[in-house]
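I would like the entire structure built from these sequences, with the hints used as guidance.
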Amino acid sequence: MKRIEKKEAVELLRKDDLLELGQRADEVRKKLHPEGIVTFVVDRNINYTNVCINQCRFCAYYREPDSPDAFVLTKEELFRKIEETLKQGGTQILLQGGLHPELELDFYIDMLRSIKEKFQIHIHGFSPPEIKYIAQKASLSVLETLKILHEAGLDSIPG
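The end of the sequence shown is residue 743 by my numbering, with every number in the run present.
Treat the hints with care, since some could be wrong.
To be verified - Simulated DEER-style distance windows between Cβ atoms:
(1) K731 - K615: 38 to 44 Å
(2) L596 - F642: 22 to 28 Å
(3) F691 - D653: 19 to 25 Å
What the hints assert, rightly or not - Straight-line alpha carbon distances no greater than 30 Å define the calculated BS3-like cross-link-like pairs of lysine-lysine that follow:
(4) K731 - K721
(5) K702 - K659
(6) K665 - K702
Worth flagging that the hints you see were computed from the coordinates, not collected in a lab.
All values derive from a computational prediction rather than experimental measurement.
Every residue gets a Cβ at the ideal spot worked out from N, C-alpha and C, and that includes glycine.
And the structure:
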């Protein structure tokens, strides 16, 4: 199977024909997976905080802890976003934030438990750096931290 040329890809994007772009992607999928099985997930990426001490060069989203734009979602804000997701047919949320210096393991446990108590939704969450940072702050191994987060309601992780 031949990749489409960069020029052709740019042209498809510029034409703003999402349907044609989707049809082209489906043609590729059919060639790669002719068995005819297609799966997808309707989900929402929820950034529970934008505070991060990592300062990755590629990230334009993070804020310093003392920034006036810094936030941590309240439970009410988080729940509203989940309700919106469910109303749109969503079955999963992706929880992501930064490496927040003031959030402890108990914050994550409480957030996960609160979501699971209120909603039937799959929680896909936390980037590998977030999990490693949470573990380090709690003086636990990554495996121990993952077990605790799973018991609190984390269903899966990205990657």
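The hints, checked one at a time:
no.: 1; hint: K731 - K615: 38 to 44 Å; verdict: holds (41 Å)
no.: 2; hint: L596 - F642: 22 to 28 Å; verdict: holds (25 Å)
no.: 3; hint: F691 - D653: 19 to 25 Å; verdict: holds (20 Å)
no.: 4; hint: K731 - K721; verdict: holds (16 Å)
no.: 5; hint: K702 - K659; verdict: holds (11 Å)
no.: 6; hint: K665 - K702; verdict: holds (13 Å)
In summary, this structure violates none of the numbered hints.
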